[in-house]
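For reference, the chains in residue letters:
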Amino acid sequence: MEYQKLYQDLTRHVLKGKGESTPQLRQAAFDNTGLPASLNALIDKVAHQPYKVTDNDIAAVKATGITEDQLFELVICGAVGQASRQYQSGLTALAEAIQEGGRHAS
Amino acid sequence: MRLEILNSGYKFGTKVLFGIIKLFSGYPLPDAARLVFYRPDFYGNPAKQFTQRAMRGPSAWTAGERELMAAYVSYLNECAFCIKAHTATAAGAYHDAEKVDRVLTDIKNAPITPVLRSTLQMIGKLTREHTVNADDMRTVIAAGVSPQQIEDALAVCFAFNLTNRLADAFGFAVPSDEAFEAGAEYLLKRGYA
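Heads up: the sequence lines are chains A and B, in that order.
For the first sequence, my numbering begins at 1 and goes up steadily by one.
For the second sequence, my numbering begins at 1 and goes up steadily by one.
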């Protein structure tokens, strides 16, 4: 339970805390879906191939007029989002395994 | 780092703190530590609290085992900064750099317990494939890992799948091996808070 509270605290801050980007855009970066074309490639790389992000990727998004603070927020939301999907997959699989284990034992 | 705000956008008091740390440690604060000082209410403070709980909070896993998990996740994500940072920290905890190297490069034969190996393989799959299923968990449980240990390992896995992404996207500078050794000593003594 303790992890859950700390995890929810983190996601609440990055999605709904004070910032320069809209909550809708932050949620889209978190979900890696429904993003404007200018952000789509970068956030998808953050989610799936972060080691391939280059200076040019960041410069290209900045050239569209987005501020550094907005980019800071959206990259964080993209990273938290992908790590969250993995985390939730693990927790769901664990809950299923425990539940079925309990059924077999009874 | 790739955003100028992360290089020089800190408040005056924070810049003074960075200067003092450099003066006393002999090394500039690594980018992983600098990042959490930028607008800390947005990301840094809640992220530090989660990471501290996962890496140093109550758990059947030792700090060294959790550092090994962090190094392994970072290795699979090919995150240069985090591989070096957590390889050094795990090696410091175990007093055995070779063991850590074997885990990263040859998990099947590395000299670790079946409990740890099975857990590393599960978080490895989760990191590489982004998903695991109940069968994967049954395999880990059958190896003798408790559900609480699995939950603890998943928290470490989350913390480093997140940190690895930020390290690579923001472009954390990779300092010298000596700086990583100093960082490892700090993380083992003080943790992430």
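Keep in mind the hints are simulated off the structure, nothing from the lab.
Nothing here was measured: the structure is a model prediction, and the numbers come from that model.
Backbone N, C-alpha and C define an ideal beta-carbon position, used for all residues, glycine too.
Hints are not guaranteed to be accurate.
Claimed, not checked - With a straight-line cut-off of 25 Å between C-alpha atoms, the simulated BS3-like cross-links for lysine-lysine are:
#1 LYS52/A - LYS62/A
#2 LYS18/A - LYS52/A
#3 LYS125/B - LYS108/B
#4 LYS18/A - LYS125/B
#5 LYS18/A - LYS22/B
#6 LYS11/B - LYS18/A
#7 LYS15/B - LYS189/B
#8 LYS62/A - LYS18/A
#9 LYS5/A - LYS16/A
#10 LYS52/A - LYS16/A
#11 LYS22/B - LYS16/A
#12 LYS5/A - LYS22/B
#13 LYS108/B - LYS48/B
#14 LYS11/B - LYS22/B
#15 LYS125/B - LYS62/A
#16 LYS62/A - LYS45/A
#17 LYS15/B - LYS48/B
#18 LYS189/B - LYS22/B
#19 LYS22/B - LYS48/B
#20 LYS52/A - LYS11/B
#21 LYS125/B - LYS45/A
#22 LYS189/B - LYS48/B
#23 LYS99/B - LYS15/B
#24 LYS125/B - LYS16/A
#25 LYS99/B - LYS125/B
#26 LYS18/A - LYS5/A
Unchecked claim - Partial chain A-side listing against chain B, Cβ under 8 Å, derived:
#27 TYR3
#28 VAL53
#29 ALA60
#30 ALA63
#31 ARG85
To see whether the hints hold, each was checked on the structure:
1. LYS52/A - LYS62/A: holds (18 Å)
2. LYS18/A - LYS52/A: violated (30 Å)
3. LYS125/B - LYS108/B: Measuring from Cα to Cα gives roughly 14 Å; hence the hint holds.
4. LYS18/A - LYS125/B: violated (35 Å)
5. LYS18/A - LYS22/B: violated (31 Å)
6. LYS11/B - LYS18/A: holds (17 Å)
7. LYS15/B - LYS189/B: It holds: about 24 Å lies between the C-alpha atoms, which stays within 25 Å.
8. LYS62/A - LYS18/A: holds (21 Å)
9. LYS5/A - LYS16/A: At roughly 16 Å apart (the allowed maximum being 25 Å), LYS16/A and LYS5/A satisfy the hint.
10. LYS52/A - LYS16/A: Judged against 25 Å, a Cα distance of about 28 Å means the pair is violated.
11. LYS22/B - LYS16/A: violated (34 Å)
12. LYS5/A - LYS22/B: Roughly 34 Å between the alpha carbons, so the hint for LYS5/A and LYS22/B is violated.
13. LYS108/B - LYS48/B: violated (32 Å)
14. LYS11/B - LYS22/B: Judged against 25 Å, a Cα distance of about 17 Å means the pair holds.
15. LYS125/B - LYS62/A: violated (34 Å)
16. LYS62/A - LYS45/A: Within the cut-off at roughly 16 Å; holds.
17. LYS15/B - LYS48/B: holds (19 Å)
18. LYS189/B - LYS22/B: Holds - the C-alpha atoms of LYS22/B and LYS189/B are around 18 Å apart, at most 25 Å.
19. LYS22/B - LYS48/B: Between LYS22/B and LYS48/B the Cα gap is close to 21 Å, so the pair holds against 25 Å.
20. LYS52/A - LYS11/B: violated (31 Å)
21. LYS125/B - LYS45/A: At roughly 19 Å apart (the allowed maximum being 25 Å), LYS45/A and LYS125/B satisfy the hint.
22. LYS189/B - LYS48/B: holds (16 Å)
23. LYS99/B - LYS15/B: Measuring from Cα to Cα gives roughly 38 Å; hence the hint is violated.
24. LYS125/B - LYS16/A: violated (31 Å)
25. LYS99/B - LYS125/B: Satisfied, since the Cα-Cα distance of roughly 21 Å is no more than 25 Å.
26. LYS18/A - LYS5/A: holds (20 Å)
27. TYR3: holds (5 Å)
28. VAL53: Because about 5 Å separates VAL53/A from the closest Cβ in chain B, which is inside the 8 Å limit, the hint holds.
29. ALA60: Violated: closest Cβ of chain B sits about 12 Å from ALA60/A, beyond 8 Å.
30. ALA63: Check failed: Cβ of ALA63/A comes no nearer than 13 Å to chain B, outside 8 Å.
31. ARG85: Holds, about 7 Å.
Of the numbered hints given earlier, the model fails hints 2, 4, 5, 10, 11, 12, 13, 15, 20, 23, 24, 29 and 30; all others are met.
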